[in-house]
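Chain order of the listed sequences is A and B. Read in order, the letters of the first sequence are residues 149 to 548 in my numbering. Read in order, the letters of the second sequence are residues 619 to 704 in my numbering.
Rather than coming from a laboratory, the hints here were simulated on the basis of the structure. Check the hints yourself; a few may be wrong.
Here are a few chain B residues that face chain A, going by a calculated C-beta distance under 10 Å [to be verified]: (1) C622; (2) I623; (3) G625; (4) I626; (5) V627; (6) P693.
Keep in mind that this is a model prediction, so the values were computed, not measured. Glycine included, every Cβ here is placed at the ideal spot set by N, Cα and C.
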Amino acid sequence: MSELKAELKVVEGSYAVAHAVKTCHPDVIAAYPITPQTHIAENLSQFNADGELGNCEYITVESEFSALSTLIGASATGARTYASTASQGLALMHEALFNAAGMRLPIVMTVANRALSAPLSIWNDQQDSIAQRDVGWIQLYAEDPQEAADMTPQAYKISEDRDVMTPAMICFDGFILTHVYEPVALLEEELTDEFLPPFNPEHILDPKNPETFGAFADPSIYTEFRYMQELGMREALKKIDPVAEEFREIYGRYYGGLLDEYRLDDAEIVLVAMGSIIGTIKDVIDEVRRDGIKAGLLKIRSFRPFPLDAVRKALKNAGIIVTLDKNISIGKCEGALCTEIKAALYNTRLDTPVVGYMLGHGGRDVPPEIIKKIINKATRSMKDGLTIESSYADLKEEFV
Amino acid sequence: MRLCIGGIVEPGTTLANKTGGWRSFKPEYHYERCTKCGLCELLCPESCVARGDEGYYEIDYDYCKGCGICAHECPTGTIEMVLEVK
Ligand code: SF4
Ligand code: SF4
Numbered sequence: 149m150s151e152l153k154a155e156l157k158v159v160e161g162s163y164a165v166a167h168a169v170k171t172c173h174p175d176v177i178a179a180y181p182i183t184p185q186t187h188i189a190e191n192l193s194q195f196n197a198d199g200e201l202g203n204c205e206y207i208t209v210e211s212e213f214s215a216l217s218t219l220i221g222a223s224a225t226g227a228r229t230y231a232s233t234a235s236q237g238l239a240l241m242h243e244a245l246f247n248a249a250g251m252r253l254p255i256v257m258t259v260a261n262r263a264l265s266a267p268l269s270i271w272n273d274q275q276d277s278i279a280q281r282d283v284g285w286i287q288l289y290a291e292d293p294q295e296a297a298d299m300t301p302q303a304y305k306i307s308e309d310r311d312v313m314t315p316a317m318i319c320f321d322g323f324i325l326t327h328v329y330e331p332v333a334l335l336e337e338e339l340t341d342e343f344l345p346p347f348n349p350e351h352i353l354d355p356k357n358p359e360t361f362g363a364f365a366d367p368s369i370y371t372e373f374r375y376m377q378e379l380g381m382r383e384a385l386k387k388i389d390p391v392a393e394e395f396r397e398i399y400g401r402y403y404g405g406l407l408d409e410y411r412l413d414d415a416e417i418v419l420v421a422m423g424s425i426i427g428t429i430k431d432v433i434d435e436v437r438r439d440g441i442k443a444g445l446l447k448i449r450s451f452r453p454f455p456l457d458a459v460r461k462a463l464k465n466a467g468i469i470v471t472l473d474k475n476i477s478i479g480k481c482e483g484a485l486c487t488e489i490k491a492a493l494y495n496t497r498l499d500t501p502v503v504g505y506m507l508g509h510g511g512r513d514v515p516p517e518i519i520k521k522i523i524n525k526a527t528r529s530m531k532d533g534l535t536i537e538s539s540y541a542d543l544k545e546e547f548v
Numbered sequence: 619m620r621l622c623i624g625g626i627v628e629p630g631t632t633l634a635n636k637t638g639g640w641r642s643f644k645p646e647y648h649y650e651r652c653t654k655c656g657l658c659e660l661l662c663p664e665s666c667v668a669r670g671d672e673g674y675y676e677i678d679y680d681y682c683k684g685c686g687i688c689a690h691e692c693p694t695g696t697i698e699m700v701l702e703v704k
């Protein structure tokens, strides 16, 4: 991260995000409270009650399905829209998520990542957003509250680009980031105004000039509409890096674009991860490097669009790749990053071993020791040429 | 032809897309029983029933989907659903 221009304030992660949303001047917000997202919705509601959101309409709804459906209508009229949710709430939105993407409505939503029931868990993992991988939304993952806040205007800028016109989820880990109090440079309204142009879509719902959104498509044209969504994602892929650069110029902060690297240049063991465990991993890398272990980190910021070329380039010199996933595809015993990274390497000349570890599910803490253990195992398997299949790193065998 | 993203279309596209082609049963009037009550016009979900010159109701077969609601609701049994033969 480059040098901060702004003054730092100790605030809760949710406040930092809500404050960032405020500087983006949303026209319509619809949110339904769900742990651990509630404080974002509450803070925005407070801003609204205090008259700090200008003409914004804050619509209280009876479910997450209604929240997103409301925003679909609002966004189609040309309004800048915002929602936040988590876990079961995101799952309830599932059907409407496809509609927002298919109608090319650039809604921005923060997901406070949380595990899914059953068994009931209110704590963090990334199963909720990973389960929505294929709905056609951009998915960005933040490492800390500052990044989640800073991603907000960036997400609007990317999503609302006329060539992109695709909704975006900003995913940040529930409780670990939503409820942590730490120093954050709150976004300044004048800077966001300078960075983010007003939303000006080509098509809007207007009674004077009626149009239908998401009309019926028979088999002769359905494929083409889906392909055009893919083209929108490709444009997003091109824009995420330059938008991060523009953000750096104006605000003086930078977290990488599609991805970020940490001590990767000469790394033999490359860890790949997303979200709040990045900080822990960086600390452990510094520590094991002192013992002569050449470990490095590839942080995925954009999971959709997936930065295939950038990932291949970043991993080309790795001796072994270790993916860390806060999600699982049950029946494959593998996390989403593991599957993606393996697939990314397959059509290259590389046959670098990929070891997948799942950890930190349902809020289980990820202490540095476990990352160290994983790195040690990877070092041994690299030396011995052993293949390790994907597994849980923190399973309590005695319970099952 | 270029498609617009988002399945966004201007009004009037059904002028070209004659949805009556989906029909398998076709409503036919036997006007001798009709009391001109207008229920068929009111209840047709396609709005393809309209009052004609004599006060009797007529169907625009370009858009009638053959759902049979008119025949079911008609109080006098004026409308008969007959198998569409093409
Ligand atoms: S069959 Fe259905 S669509 Fe056709 S005229 Fe009757 S009510 Fe209308
Ligand atoms: S509902 Fe039957 S009786 Fe009434 S107008 Fe229609 S056809 Fe005639």
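Let me make sure I understand: some of the numbered hints might not hold for this structure. Which ones are they, in numerical order?
Failing hint: just 6.
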